[in-house]
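S.K.: Kindly generate the complete structure, drawing on both the sequences and the hints.
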Amino acid sequence: MIPGKLMSLITFPGIVVHEIAHRLFAELLGVPVYSIKYFQINDKASGYVEHGEIKSTWQAFWICVGPFIINSALCIVLTLPFAYYFILLDGKESNLIVYVLGWLGLSIGMHAFPSNPDMKSFSHHAFKLRANILIKLVALFLQALVFLSNLLRIIWFDLVYAVGISVIIPLIIQ
Amino acid sequence: MNEQVTTTTRKPLEPHRYPLQIVMAGGIVIVLFVYTLVFLVPKYRAAYQHMLAADSAYAKKNFTIAKDEYKKVLEAVPSSENTKISLAKTLFANNEQDDDVEALLMLENVELGIVDWRELQEVMPENYEGLFNSNYPVK
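Those protein sequences? They're chains E and A, same order as listed. When we follow the numbering used here, the leftmost residue of the first sequence carries the number 1, and every step to the right adds one. When we follow the numbering used here, the leftmost residue of the second sequence carries the number 175, and every step to the right adds one.
Quick caveat, the hints were computed from the structure, so don't treat them as lab data. One or more hints might be untrue.
SDA-like cross-link-like pairs, simulated, lysine to any residue; straight-line CA separation at most 20 Å [claimed, not checked]:
hint : chain 1 : residue 1 : chain 2 : residue 2
1    : E       : K92       : A       : L279
2    : E       : K44       : E       : P3
3    : E       : K44       : E       : N150
4    : E       : K37       : A       : L279
M.R.: If you want it as structure tokens, here you go:
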């Protein structure tokens, strides 16, 4: 098994994009960002965003799921040549650029899921800001889903997800 | 991410302003991606379409079309082992003895899985089976 720190190091572009996505959504929604660590080797977190007060459940939701949208979209786009060449056409050796974009795309896709603290933060806001019962249920459901997906990282669920979404475009436009 | 909320009066970061190294890395990625989009993806996409056409023609036992289509895939992706195996199956299946040598050459240095081997056995003349160092039982 590859230790978490080594995995973070190998897939660091995904962590950087994950943090950028949190920051992007926070700023788009008018939540000030005070500091950001795009990547670090640390036991607690590989990156973080320190932002101002969140005033609505929607802000909390979009800041939380920002990386899922941005990382997944970038993974789908950047892995396009890699997916065609290696996954669909079973090529064995290719242009260096295809390898580089494949590594970048898959790294980014592997960090698409919100972390458990991200999701806890959303649930916390949903309850603190007195959202209606439906939003609270959605928050709890999403928290469980994210917790499960993060747990399944032990069996490379993050990589399976990244590879899976990388073939979306080729399969749609065939 | 470890999201941290602060309520201090600190000055926030200027929105949408990123460090130079991140902007430069993003620029390089965009250039690389545009390069593949212009020079590689169209070629691979066409090859994938040829592969689908070849698979469809093979399923309909239209071996002449399948052979041409698989060859077009190999022009774009010469290292594609699945395509080599499929082309070899097509060449054996069309019952033209002249094509058998080409099929055997196609399979040179190709690692066959058990499913590939079984499918090849269905179309390959039995006398060729001894030419393979297969770990799988013969029929």
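S.K.: Tell me, in ascending order, the numbers of any earlier hints that this structure violates.
M.R.: Number 4 only.
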